[in-house]
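Q: Here is what each chain is made of, one letter per residue.
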Amino acid sequence: MQHRHLLPNELDLLVDDEAGFGMAPLRAHVESCAECADQLAAAQRVAGGLDRLTRFAPSPGFANRVMAQVQVIEPWHVALTETAKGLVPRNRTLRVVMATTAALLATGISGAAVWLSLRTDVALYLGSSIAERARVVVGDGATSLARTLLGEGASTLLGSGPGVLIAGTVGLLLSGAATAVALRSLATASRRTRE
Amino acid sequence: MAPRPDLTNVPDADVVALAQRGREDAFREIVRRYERPVFSLIYRMVRDSATSEDLAQDTFIKVLNHIDKYRPEFKLSSWLFKIANNVAIDHLRRKQLDTISVSGSPNAATESEIEATSFEIADGAESALDAMEARELGGSIEKAIAKLRPEYRACIMLRHVEDRSYEEIAATLDLPLGTVKTYIHRARIELRGYLEHLRE
Ligand SMILES: [Zn+2]
Numbered sequence: 001m002q003h004r005h006l007l008p009n010e011l012d013l014l015v016d017d018e019a020g021f022g023m024a025p026l027r028a029h030v031e032s033c034a035e036c037a038d039q040l041a042a043a044q045r046v047a048g049g050l051d052r053l054t055r056f057a058p059s060p061g062f063a064n065r066v067m068a069q070v071q072v073i074e075p076w077h078v079a080l081t082e083t084a085k086g087l088v089p090r091n092r093t094l095r096v097v098m099a100t101t102a103a104l105l106a107t108g109i110s111g112a113a114v115w116l117s118l119r120t121d122v123a124l125y126l127g128s129s130i131a132e133r134a135r136v137v138v139g140d141g142a143t144s145l146a147r148t149l150l151g152e153g154a155s156t157l158l159g160s161g162p163g164v165l166i167a168g169t170v171g172l173l174l175s176g177a178a179t180a181v182a183l184r185s186l187a188t189a190s191r192r193t194r195e
Numbered sequence: 001m002a003p004r005p006d007l008t009n010v011p012d013a014d015v016v017a018l019a020q021r022g023r024e025d026a027f028r029e030i031v032r033r034y035e036r037p038v039f040s041l042i043y044r045m046v047r048d049s050a051t052s053e054d055l056a057q058d059t060f061i062k063v064l065n066h067i068d069k070y071r072p073e074f075k076l077s078s079w080l081f082k083i084a085n086n087v088a089i090d091h092l093r094r095k096q097l098d099t100i101s102v103s104g105s106p107n108a109a110t111e112s113e114i115e116a117t118s119f120e121i122a123d124g125a126e127s128a129l130d131a132m133e134a135r136e137l138g139g140s141i142e143k144a145i146a147k148l149r150p151e152y153r154a155c156i157m158l159r160h161v162e163d164r165s166y167e168e169i170a171a172t173l174d175l176p177l178g179t180v181k182t183y184i185h186r187a188r189i190e191l192r193g194y195l196e197h198l199r200e
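Chains S and V are the protein sequences, given in the same order. Just so we're aligned: 57 in our numbering is position 57 of the first sequence, and the numbers increase by one with no gaps anywhere. Just so we're aligned: 37 in our numbering is position 37 of the second sequence, and the numbers increase by one with no gaps anywhere.
Bound-form chain S, shown alone (with noise of 0.2 Å):
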């Protein structure tokens, strides 16, 4: 055991009823010293005092109060979701249909943007020398009705060459039918929930 008195701080170690290495000499300590049990008793009626202090409660209606000043707001998001969920149909196979017709236009999409990607190399391969010379002609009026209308961004866009032309007329046409197709099979749907 060790011979001096315990110091404050290990007193309070005590109190706590900290577990761990050197707590066994405080310990044996005051099992031997009746001064240090004395001074631990007295410290631990004052910890079991304020251990078995209790809650007080707020009067009656303070959720009520609170909740009066409290705005309870439904982020964009989650209103978005909630809104989407509505739409899709609880039958299963209508579910399977709107899912099936998804995947088909996300693989349509895809699939025709990889084609369009392939085909504009050859378009701009073959189409160089016809694009060359149709630029001298027309190319120039082009630019500079373009540059009128639209300004000095549309002119360096129709100064890029043929494939940009093409890869945009093609992905509108693109982009038009999948719009049309979903909104068709939206329609559908919803039409048929109700029924």
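Pairwise CB distance ranges, derived in the manner of DEER restraints:
#, chain 1, residue 1, chain 2, residue 2, range
1, V, Arg36, S, Met23, 31 to 41 Å
2, S, Trp115, V, Lys75, 53 to 63 Å
3, S, Thr93, V, Arg32, 40 to 50 Å
Calculated lysine to any residue pairs in the SDA-like style (CA-CA distance at most 25 Å, straight line):
#, chain 1, residue 1, chain 2, residue 2
4, V, Lys75, S, Asp51
5, V, Lys181, S, Arg55
6, V, Lys62, S, Val78
Counterexamples of contact, computed for chain V against chain S with all Cβ distances above 10 Å:
#, residue
7, Pro11
8, Asp12
9, Asp14
10, Lys69
11, Glu73
12, Ser77
13, Lys95
14, Pro150
15, Pro176
Hints listed in this document are in silico derivations from the structure and should not be mistaken for laboratory results. Keep in mind the model is a prediction, meaning the values are calculated, not measured. Just so you know, even glycine gets a beta-carbon here, dropped at the ideal spot from N, CA and C.
Mind docking chain V with the ligand on chain S? Use the hints.
A: For chain V with the ligand alone, kept in the frame of chain S given last:
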């Protein structure tokens, strides 16, 4: 719409997630869970029930109106206690209301009611004498706590009433760990002094 499930047994973090999605019942559940701990912490710091209720209300309004800012790595209760402590300290600084009150329960009226409500007799008190002694100690402790510095009170309440570790108290009150240990140590010594004085 499907009926909303009972949130009583849902963990704090999930209740907060529901509140962040705009569920009013989740907001109410947070208030239901923490109205007593928050009100008690504030009451023991400001010693006035009407003021404590206003400050507890402010605490919940601040937390619930900023529920989207909640960081999950922090305990919800720690966040509430942090705001409650700040609100109480601000009030004490503003009003310099750091005076001693002798009341036990905020709603108790008579001296005997104060004694009865300010302390719950420990389970397993061996005799009527033990019970009476325990109750007297409880009443005296409430009076003694009122004499402590507010910083000490918050630490002592979180440690003994809310059963928080020293590390959690440090994080909640934005204090270094060593400071928390010192405050609790000094508070206990002071309380011992007050209680011995009362016994004489
Ligand atoms: Zn000793």
